[in-house]
Each structure stands twice: as C-alpha cells, then as structure tokens.
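Engineer: If you want the building blocks of each chain, they are given just below.
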Amino acid sequence: MGFRSYATRRVINTVIVLIIAVTLQFFIFRIMPGNPIAHFISPNLPLEVRQSLIEMWGLNKPLYEQFFTYLYNLFSGQLGISFVSQRYVTDELMERLPNTILLMGSSTILTITLGIILGVYAGSRRGTKKDVTTVTFSLITQGLPVFFLGLLMLLTFAYYLPLMTNGIINFPVAGTVSRPPPPNTLDYIIDVLWHLTLPMITLVIIGFGGYTLIVRNLMIDVLAQDYIQMAKAKGLDPNTILYHHGLRSILPPITTMVGLSLAGIIGGAVITETIFSWHGVGRYLYEGILQNDYPVMQGTFFLLSVVTIFANLIVDLIYGLLDPRIRY
Amino acid sequence: MVKYFISILLVILLIPGLDFTIVYGQNIQSEYPINGPRVDEILFVYHGTPEASVAALRKGDIDILSDIFRASDVNALSEDPNLNLTFTPQTHYCYVAFNIRNSPLNNKEIRKAIAHLVPRQEIANRLFEGITVTPILYETSPTFGKWHNPDVDVYPYDPSKAKEILISAGFGWDENGKLIDEYSNLVGKITMISPTQEEAPTSYEIAKLVVEEMKKVGIDAYQEGVAFDALLTRVLTERDFDMYFLCVSNLGRFPRWLYDYYHSNLDVPDGDNTPGVRDPQLDQLLYKFRFESETDDEAMEAILDAQDIIGDLAARTPVYSRYQIEAYRKGWVGMIKHRGVGYFSSGAFWTYLNLHTSEAETGGTVKIDIGGKVRTLNPLYETGAYGQKIITLIYDSLLASDPDTGEVIPYLAEDWNVEALTLNGHEGQKLIFNLAKNATWQDGKPLTSNDVKFSIEYLKENKIPTFLPVVEQVIEVNAPSPQVVEVTMNGTSIFNLIDVGGIIIIPEHIWKDVSDWRTFQPDREPHPSSPGLTKMIGSGPFILSEEKPGEFWRLTANPNYFKKLQEKSQPSETEEKIDEEMVQQPNQINMYLVAIAVMIVLAASYLIIKRRKRESITH
Numbered sequence: 001m002g003f004r005s006y007a008t009r010r011v012i013n014t015v016i017v018l019i020i021a022v023t024l025q026f027f028i029f030r031i032m033p034g035n036p037i038a039h040f041i042s043p044n045l046p047l048e049v050r051q052s053l054i055e056m057w058g059l060n061k062p063l064y065e066q067f068f069t070y071l072y073n074l075f076s077g078q079l080g081i082s083f084v085s086q087r088y089v090t091d092e093l094m095e096r097l098p099n100t101i102l103l104m105g106s107s108t109i110l111t112i113t114l115g116i117i118l119g120v121y122a123g124s125r126r127g128t129k130k131d132v133t134t135v136t137f138s139l140i141t142q143g144l145p146v147f148f149l150g151l152l153m154l155l156t157f158a159y160y161l162p163l164m165t166n167g168i169i170n171f172p173v174a175g176t177v178s179r180p181p182p183p184n185t186l187d188y189i190i191d192v193l194w195h196l197t198l199p200m201i202t203l204v205i206i207g208f209g210g211y212t213l214i215v216r217n218l219m220i221d222v223l224a225q226d227y228i229q230m231a232k233a234k235g236l237d238p239n240t241i242l243y244h245h246g247l248r249s250i251l252p253p254i255t256t257m258v259g260l261s262l263a264g265i266i267g268g269a270v271i272t273e274t275i276f277s278w279h280g281v282g283r284y285l286y287e288g289i290l291q292n293d294y295p296v297m298q299g300t301f302f303l304l305s306v307v308t309i310f311a312n313l314i315v316d317l318i319y320g321l322l323d324p325r326i327r328y
Numbered sequence: 001m002v003k004y005f006i007s008i009l010l011v012i013l014l015i016p017g018l019d020f021t022i023v024y025g026q027n028i029q030s031e032y033p034i035n036g037p038r039v040d041e042i043l044f045v046y047h048g049t050p051e052a053s054v055a056a057l058r059k060g061d062i063d064i065l066s067d068i069f070r071a072s073d074v075n076a077l078s079e080d081p082n083l084n085l086t087f088t089p090q091t092h093y094c095y096v097a098f099n100i101r102n103s104p105l106n107n108k109e110i111r112k113a114i115a116h117l118v119p120r121q122e123i124a125n126r127l128f129e130g131i132t133v134t135p136i137l138y139e140t141s142p143t144f145g146k147w148h149n150p151d152v153d154v155y156p157y158d159p160s161k162a163k164e165i166l167i168s169a170g171f172g173w174d175e176n177g178k179l180i181d182e183y184s185n186l187v188g189k190i191t192m193i194s195p196t197q198e199e200a201p202t203s204y205e206i207a208k209l210v211v212e213e214m215k216k217v218g219i220d221a222y223q224e225g226v227a228f229d230a231l232l233t234r235v236l237t238e239r240d241f242d243m244y245f246l247c248v249s250n251l252g253r254f255p256r257w258l259y260d261y262y263h264s265n266l267d268v269p270d271g272d273n274t275p276g277v278r279d280p281q282l283d284q285l286l287y288k289f290r291f292e293s294e295t296d297d298e299a300m301e302a303i304l305d306a307q308d309i310i311g312d313l314a315a316r317t318p319v320y321s322r323y324q325i326e327a328y329r330k331g332w333v334g335m336i337k338h339r340g341v342g343y344f345s346s347g348a349f350w351t352y353l354n355l356h357t358s359e360a361e362t363g364g365t366v367k368i369d370i371g372g373k374v375r376t377l378n379p380l381y382e383t384g385a386y387g388q389k390i391i392t393l394i395y396d397s398l399l400a401s402d403p404d405t406g407e408v409i410p411y412l413a414e415d416w417n418v419e420a421l422t423l424n425g426h427e428g429q430k431l432i433f434n435l436a437k438n439a440t441w442q443d444g445k446p447l448t449s450n451d452v453k454f455s456i457e458y459l460k461e462n463k464i465p466t467f468l469p470v471v472e473q474v475i476e477v478n479a480p481s482p483q484v485v486e487v488t489m490n491g492t493s494i495f496n497l498i499d500v501g502g503i504i505i506i507p508e509h510i511w512k513d514v515s516d517w518r519t520f521q522p523d524r525e526p527h528p529s530s531p532g533l534t535k536m537i538g539s540g541p542f543i544l545s546e547e548k549p550g551e552f553w554r555l556t557a558n559p560n561y562f563k564k565l566q567e568k569s570q571p572s573e574t575e576e577k578i579d580e581e582m583v584q585q586p587n588q589i590n591m592y593l594v595a596i597a598v599m600i601v602l603a604a605s606y607l608i609i610k611r612r613k614r615e616s617i618t619h
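In order, the protein sequences belong to chains A and B. Here the working numbering is used: the first residue of the first sequence is 1, the next is one more, and so on. Here the working numbering is used: the first residue of the second sequence is 1, the next is one more, and so on.
These are computed hints drawn from the structure, not numbers from a lab. Computed from a predicted structure; not experimentally measured. Heads up, some of the hints might be wrong.
Calculated lysine-lysine pairs in the DSSO-like style (CA-CA distance at most 27 angstroms, straight line) [said to hold, decoys possible]:
no., chain 1, residue 1, chain 2, residue 2
1, B, Lys215, B, Lys163
2, B, Lys373, B, Lys163
3, B, Lys463, A, Lys61
4, B, Lys108, B, Lys288
5, B, Lys512, B, Lys463
6, B, Lys548, A, Lys61
Reference listing, derived: stretches of chain A covered by chain B, where coverage requires no fewer than 3 residues with Cβ under 8 angstroms from a Cβ of chain B [as the list claims (entries may be wrong)]:
no., region
7, 114-126
8, 147-157
9, 165-177
10, 185-196
Virtual Cβ for every residue (Gly too), placed ideally from N, Cα, C.
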C-alpha cells in the first residue's frame, strides 16, 4: 500500500471519527443529570420566567429537532449561543483563545524542551547521581497538585515577596494584563509577559517531569541498541551519538506526545487559569459544564475534538513519511 | 462671697473650651436621593479565586472587597490594620424543607418536632466558626423590617421539646427506641437529600448533623448525597424527596417569594412550592399580598397573617442566614448601608454616589473586586449579581429605593400619582410619572417620556423573561408630554408602582435598531455618533469607558448625570473660619445657656441660704 492510499484511508477515518464525536457531544450532555434551567432557582425568577427561558433556548423542542439545529449551526460555521451569556460561543471562544494559546503554547514549548533536555541528560547518565536526582525531581514535580503549586506560587511571589521587598519585586495577583493596562504598546507587551510568568512557570513545573521520564526511558532503550554500540565502537563523538543517532530515533514517539498536547494548547488548563484569573478557554469550558450550558460545552468540545483528531491525522501522516514501514 | 462667684464663673467659662470629640457614623445620611458621584472613576476588577481577591486587597491592588464568605479570610482581613470590615445581615437563608405530600411528613407535628432538632448554633459554630453566618428561626427575617412578623411559631433547637411534641401527638417508642405512631406502627423511613460531600461539604455536613439528631429521638432517618443538578431535578421537577437542604439569596426588599414558595398555584413541576403546601386560607392571604393590596397596610396585614400560617405549617424550617461581609481600605468614607444588601455589593447604589476618600470630597479612582463572573452586560438579559453591579451604575429606573426602609423614592421620576381605574369590569391603576427635566442620556441626548414608553413596550413586545411578570400587568403606556408618562396597569397591587418604577430605562435611539435583543452586546458595539462611547448608553452616574472582559471594567463619572454633584469652589481662609464658627456657635450658645442657668441656680441657692441664716440669727 502506497502513501497516497494510506493517507486517503486516514482522512476517511478522521471524518468518520469527527462525525461520531459531534453526535456524541450532543447526546452525552443531555444525558448528564440536571438541566440548565435548574440553575435559575432564584425566587427572583419565578416559574413563568423559567418557562420563558426554556422556550428561548429551544429546550422545549423535540430532541431530534434540537440535534438538527445543532448540526445546521455547525455546518454554517456557528457553535450556537450560550444560554448563560447569550453571546455567540464562537465570539466567546475567539476572545479567550489568544490568551490560552499564549499561556499553553509557551508553557508547552518550554515543558517539552525542558523535558527532552533533562530526559536525554538523565538517560545518557543512567544510574549516576545526576540521573537519580533528575528522576526524583521529575517524579516530585509531576506529582504536585496543580492547585497547591499554583496557590503557593501566587501567595509567595505575588503577595509575600512584594510585601517583603517593598514592592520592588511585584508579580501580579491576577489577570493577563494590569488593570488598567499600560497605554504604550511596548509596555503592554512587557506587562502581558510579566503576567504570564507565574502561570507559565507553574505549568512548566507540573508538566516537564512526565516528558523527562518518558524521554529518559526511550533514551535508555535506544542507547542499548546495537547500532549505538557500533557508533561508539567506530569512535564517533558522544554528542553525535546522543543527538544524531539516539535522539533522532526516538523522535516518532516524541512527535506523538507533542501532537497529543496540541489539544491541550487549545483546551487550556482549568485550574491554573482559575487560580491566576487567566481569561482562557479552560475556565470557559469548566464554567459551561457547571452551568449545563449546552452550546458552550458542545462548541468547546467540538473545537477540542477537531484539533485532537486533526493533530492525530497529521501525526499519522508524518509517521508515514518518517517511517515508510508504517502503513496500517 | 466675691471669691465664690469668681470661681464658679471661671469653671463655667472654661467648660466650652474643653475638647469634646463627637464621632458621627459615616453611613448616616439624612435624605435620599443624594447627588454624586464623588469619585472620578470606578475600576471593577475580576479575581478568579478568593485567595487572589484577599491578596489583592491586602497588597493594596484594590480598595474594596465584597462577598467574603470564608471564616479564614475574615480572620486574616480583620488582623490587617489598614482595613475595616463590615457585617450586614442579608436577605438570604438556608433551610430544611419537608415533602408534606407523603407520610410521615404529612403530619405537621412530626415536622415541628424535626424543626426543633436542627442544631443551628452548632452548625454556625462548627462549620462557619461562628463568624460568617447567623442562626435564624424566622423564614421572613428581621432584615425585612416591617414585613417581618416576630410573633410566628419558631422552633429553636430543643430535643426535649421535640419529644414532648411527639408524645402529645400520640407518638411513642418501641422497645428498640424506634418511633412508633398511635397505632404502634413504626414511623416510616425519612431520607434527607443533600449535595454530595465533594460538591458541597458544608451542606453535606449540615444534613448529616440533622439526620443524627433525628436518629437520637428514634426517627428512622437517612442521608443521601446526590449531585447538585440531580438534587435540583428531584426537588424542583420530580418532587422525589422527603427532606432536603438548600439556600436562597437576594430575596429582595419584600417577602414576595413567600407567594412562590407557598401558594398552591406553584405546586406544579418546576414550581417553587416544593413542599406541596395547599392551604386555601394561606393562598388567599398570599394572593392578596401579591396582587390585590392597594396600600402598604393592607399588604402588611396579609403577609403578617400569612407568616403566622407558614410558621404553624412548618413545611420549611430556616437554619441560618449568611452575613454580607465586606472589607475596605481605611481612608475611604461615605459608604452607605443598604438593608439586607451591605455597603458595596450589588444593589448598594447610593454608596457609589457618595463614596470618597477622607482626604478629598471628590475625585480619585476606587478599585473594587467585582466578586464573580460577569456573564454579559446586556441590561435586559443579565440577572447575575456581578454584571448588575456595573449595569445599575449605568442604567437608571424611574424610582429608587431608600437604602434603609426600602420605600420607593423619587429618582428619574421626580414625583408620581396613582389613580384607580375600572377596566372592562376589572380593577386597574393608572401610574402617572413626572420625569426630571434635566435627565439626559450619556451621549447628551435628552431622556424623555418616549424613552420610558419605548422601554416598557420593548420589554413587553419581546417577552423578555426577567421582566415578564412585571410587564404582563401593563396594559398601555402613553407619553402625553416629554416629561409625563402614563402607565395603565391591571390590578391594584402596591407592587405595580414598585415594579414599573424599577424597570430599566433604555435609550430608544440606540435600541430601536437592535435586530436581536438577545445577542445584542451594547458594550461591544461602538456608538453610532459619539466617538469613544459604546452603545452601552444609560442615564446613570457612570459611563463604561473601558473594559477587558473577564478582567476589568472601567467606569468614569458621567458629566451629564442629572443628579450631578454641584461644583464646589475651594473655600477661602475667611470662609473656612466662618464655617468653623458656624459649626462651633450652636455648641457654645448651648454651653453658655447652661452656664447662665447654673449661675442663676447657684445665686438663688446662695440667697436662700443667706436668708435662712439671717432668719435663724433673728430667731
């Protein structure tokens, strides 16, 4: 089977998976206990108001009709209107997406880079103190609860440190930018980066350990292979062996890991975004779930599904290109 | 003798010179509405967690924080010498409700006995460290002022009283200590549902405590933790429960929710009469209160009587009420206490007009924690407390309310008149409002009766859910002149005036072109003719000048505000002296009057004593 045939099959599979995902997304949320109107139990909103809201949201229509409306909206490029805010889900997502991409993108790049560097470093020094230290540190950081680390970072660097240094070192308590933001563009960019620091470091600390451990194990396996021994016997430069022969051969599994993390870049980090008051997609999805806001849940999950499914497709295609033996 | 007079005179003359310090309460305000705003800007800021909010306040990033609900935060903030804390009882309460449709809870006496088994003080002390909540016995708490009936039956924690009630109702106990009825049958199992421990640990613990108390008196009680959504469905829609624990907040100024909670019309799926109360006399009183009372006295009589019946029914038993706890940096003054609301939270409108620093009567920026997620700034859709904080400062209504008594007071409508009518054989009312002549929209256009007519008709035509119960009673709106609005209403209820007076007034020139009111986001669209403004145009004291949704909202003082604070010129030195004298004069006059009176009394006493001495010498 040639690459073209392989690629065609992967694309068809992707489309089928996407259709199944879209259908499941509609029905799963409606099977969940509770309903959106249950959140309007305030006595200030009497029964007639609640009934009127049900009509306005189209929840009084038969399920199949709601499903077709949902599909129609998707095909016409809309993700529906949020029950809670009455804003287009697309608009709300687009408002948050840059913040999430900034936070998750930067932290993911740093996490993967750090994870690979430390993984290769530890893997090439198997059994030494440096390896044990790296593994221990990675295990500890990976096991830290993100809410704990986030709050610790917030209180230490955004509250106690400014008080102790009389405001000389003053990390922000919340947000993506100062309130109000600086008028000058350059100051604005610096201000955004300053606000990015704590949540980004939190995510990197929590995340790099996993990559380090995987890369370390992969490296240990690779470095035990015959061709590496051959390279060593040939007297090749250790760095060439490590990076040119060793690291290169573990690139496919790393590519998979990176591909799968793409959805995370779009999906955001619920707890980190909440602790640092980061106006991102993760918090949006979480609030949507809490409030049974079907359009928000459907819209966000649709976006995540698309990114995950297409990232997988791309990874599969790259696999096919990287390794011609792969034709499943 | 001369010495005697001189010494008395000296003492008297020195008295006015003594330094007396009189501290006035900073929230005392003699009359409303007041003019303002005093600050130039309000910056509402969002924080994702209570930790971030508290840190921001202590660090000085913000000046004011409302909705503090954790005892640990209260403790931390109270230790900060730069902050003041306020505690205001809210129109909020948590309750245990009974399903009175089924046995054994269809027996009023067993409900009363269980009500006596709720350890309210223990709950407040153990779960809230005795700080953030107060135990309550009244469903309509004293926070409601004159609408509170203090003479209703209440059920304080008293297990022995609970047993007495059960015995006098014919209940007893078998050899295993289980409760049996008068026919010696075991009383059926009672399950109390609450949110799960993971979702709402406090509610779960409360249900556990109540169930334990019930078991102690031999009631076969169980607790079931269910997901919050499922709990709401079982309670509100399916009525599948014996007992449950829930809280409600923002009950408003009047106990109108009692109609929703206890009228048999609302004992329907999704109706608020969850216990299933069906009492014809109570129905009559609640209906009269809600729809037929023409005067405050009539409404009050009906609702106080209704509270008597509700107390006796014991279909719900109150447990505790949460305080509105707020903290602000020292140096800010002029805040006004709003009954049942607090000083700064949503609804504390007058504070934002009067707030200023102790150093300057006007000017400056106050930074306030918004408290939670602002869902939208569409004034016709947002019902959340946080969005309303902003919306109520931008948009106005015809009438305002006194922060203490809750009585309606003039605002956009300088005065009003209510006329009785007969409409096709039914009783009705005509509400006539005379608008303030100087009221304008924030873009400078005059606010006229046509805007008011448009607003009410727009809400009615579009069937906007939140306003539906109000505008359904409106039959017709007329604008006979630019400053006069006539609203013809169904029924004669006192709430007609209050409800219409509270309708948000929107500018016709902006909203007439809105194609879909639901998705209209006035804060995101530029104003068609005024650069720098958005379509979020009201007539209120503040203009939305900048926002970053999910982060901050900057409001600046409206220069065209119809109740704008008059410009104050800086007083000259002489004027200051005059002012000082004017302040001191009344005190000194009083003191001198007292001194003269004392001198006269002493002189008279001296003369009497001298005369008696002379008489005794003579005798």
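Engineer: Each hint needs a verdict: does it hold in this structure or not?
Structural biologist: Evaluation of the provided hints:
With a C-alpha separation of about 12 angstroms, the suggested pairing of Lys215/B with Lys163/B holds against the 27 angstroms cut-off. Distance check on the hinted pair: Lys373/B and Lys163/B sit about 47 angstroms apart at the alpha-carbon level, beyond 27 angstroms; violated. Note on Lys463/B and Lys61/A: the hinted pairing holds, with a Cα-Cα distance of about 19 angstroms set against a maximum of 27 angstroms. Proximity of Lys108/B to Lys288/B is assessed by CA-CA distance (about 25 angstroms); at most 27 angstroms being required, the pair is judged to hold.
In summary, the hint linking Lys512/B to Lys463/B is supported, as the alpha carbons are separated by about 16 angstroms, within the 27 angstroms threshold. Only pairs whose Cα atoms come within 27 angstroms are accepted, and Lys548/B paired with Lys61/A is rejected, the gap being roughly 36 angstroms. Chain B is given as covering the region 114-126 of chain A, and this is violated because 0 residues of the stretch bring a CB closer than 8 angstroms to a CB of that chain, at least three being needed. Evaluation of the coverage hint for the region 147-157 of chain A: fulfilled, as 3 residues show C-beta separations to chain B shorter than 8 angstroms, against a requirement of three.
Residue count for the region 165-177 of chain A with a Cβ under 8 angstroms from a Cβ of chain B: 5. That meets the three needed, and the coverage hint holds. Counting residues of the region 185-196 of chain A whose C-beta sits closer than 8 angstroms to any C-beta of chain B gives 0, which falls short of three, so the coverage hint is violated.
Hints 2, 6, 7 and 10 from the list above are not met by this structure, while the remaining hints are.
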